[in-house]
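Peer 1: So in UniProt numbering the end of the sequence shown lands on 177, straight run, no missing numbers.
Hints are computed from structural coordinates only; laboratory data are not their basis. Just so it is clear, CB atoms sit at the ideal spot from N, CA and C, and this is done for glycine as well. Everything hinted at is true.
Here are the simulated distance ranges between beta carbons:
#1 SER123 / PHE59: 32 to 42 Å
#2 LYS157 / LEU43: 12 to 22 Å
#3 LEU40 / VAL158: 16 to 26 Å
#4 ILE38 / ARG153: 24 to 34 Å
#5 SER102 / ARG125: 13 to 23 Å
#6 ARG52 / GLN165: 17 to 27 Å
#7 LEU166 / PRO36: 26 to 36 Å
#8 GLY98 / ARG126: 19 to 29 Å
#9 SER39 / THR137: 44 to 54 Å
#10 ASN85 / PRO36: 46 to 56 Å
#11 LEU166 / PRO106: 24 to 34 Å
#12 THR122 / GLN55: 34 to 44 Å
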Amino acid sequence: MAHQPRRTLRRAPKADETLTRPRKRPATQGTDEQRPPISLDGLTSLAGYLIRQAQLWVFEDFNGTLAPLDIRPAQYSILVVVRDNPGLSQMALSEVLGISRSGIIPPLDELQSRGLLERLPTSDRRTHALHLTAAGTALLALADSLVQQHERRLMDKVGSRGHQQLLQVLEVFGRNR
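Take the sequences, apply the hints, and build the full model.
Peer 2: Set out below in structure tokens:
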């Protein structure tokens, strides 16, 4: 096996650290104190706008949480689905995750090059069965622990009842289209 470059692990954010994306502000004349408050009333009654704001918070927190493992959300999803469905084909994986066939190849290549996933030939010879390696299983166990921390921060933000309601509402969108 070829020597794999060692990846640098980054520290996960602490619960009290804010994970806000710096917003680009348009050039203005004068200071913030001189500028009138900006109204978002026309947007805050729109579900799409609020979902996007929630998505920004969730992705920022999720990415920061998994940064020490150098795993992105799509890669985490791939690892979870392959763990739960050993032997799954690339095509079936791309369909269930809603990623194009060509779009699934780069993250699979990266996970395979990191020694986290393997593609084993099948009797079909046109397809490969996907399996986690021992290293992939171990890394996913660490990632699962970090993801639970992320879920707790989300629950802290919206409350336990709000979290359950959020899951019920969003489940409609999580079903295969």
